[in-house]
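Colleague: Chain by chain, the residues:
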Amino acid sequence: SAVISQKPSRDICQRGTSLTIQCQVDSQVTMMFWYRQQPGQSLTLIATANQGSEATYESGFVIDKFPISRPNLTFSTLTVSNMSPEDSSIYLCSVLRTGGTYEQYFGPGTRLTVT
Amino acid sequence: QKEVEQNSGPLSVPEGAIASLNCTYSDRVSQSFFWYRQYSGKSPELIMSIYSNGDKEDGRFTAQLNKASQYVSLLIRDSQPSDSATYLCAGNAGNNRKLIWGLGTSLAVNP
Chain A
921 SAVISQKPSR DICQRGTSLT IQCQVDSQVT MMFWYRQQPG QSLTLIATAN QGSEATYESG
981 FVIDKFPISR PNLTFSTLTV SNMSPEDSSI YLCSVLRTGG TYEQYFGPGT RLTVT
Chain B
103 QKEVEQNSGP LSVPEGAIAS LNCTYSDRVS QSFFWYRQYS GKSPELIMSI YSNGDKEDGR
163 FTAQLNKASQ YVSLLIRDSQ PSDSATYLCA GNAGNNRKLI WGLGTSLAVN P
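Protein chains in written order, with our numbering: chain A, 921 to 1035; chain B, 103 to 213.
Hints listed in this document are in silico derivations from the structure and should not be mistaken for laboratory results. Just so you know, even glycine gets a beta-carbon here, dropped at the ideal spot from N, CA and C. Do not take every clue at face value.
[Unchecked claim] Interface residues of chain A toward chain B, partial, derived using beta-carbon atoms under 10 Å:
id, residue
1, Pro-928
2, Ser-947
3, Met-951
4, Leu-963
5, Leu-1012
6, Glu-1023
7, Pro-1028
Produce the entire structure from the sequences given, and follow the hints as far as they go.
Modeller: Put into structure tokens, the structure is as follows:
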């Protein structure tokens, strides 16, 4: 499986500010995903990061709030904009295993607290 | 009915016993199924994938898929305290490569 890193691992931010989370993979992957996981909850898909084109957002998530970049096949960023305490969560990137399967592998996550 | 449904638990088993985790799914989730293990404070880790009816074994883990009854299960033999975690069931819908997730079952293995 791919080795996936995320930066930062955690952060405490003030309301109204923005945070950009980076996801780096050690090999080229076709698809990358961004999830949110609130305490004690399951995973919620925010968007699929598409290389060279705009991300595909799930219902309830919009580009103005969660802009995503994917400049190449090994890197993506998620920005959480104009943060409020409700954005406090763990943010996870995942990658799709190459070879025609649907297996996803996760980065270590970014724990965000908004005060 | 939720698309992927799991009992939230907690499921408690003694060390050495078989832990049985179950997941049911709707018509929309049809092709491939996955079990992830998530330790507290960590990210999900893929432990089993299953694509066709029947059993698939990997070490102490066995995944079972029954498409007619729309359920998938995970058996953990000789459960160890280190197996204590939340187990997430996921399936894919169609060809868009997205996974649909259950809410997870918390497993506690008692020494």
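Colleague: Determine which of the earlier numbered hints do not hold for this structure and return their numbers in increasing order.
Modeller: As far as the earlier hints go, 1 and 2 are violated by this structure, in ascending order.
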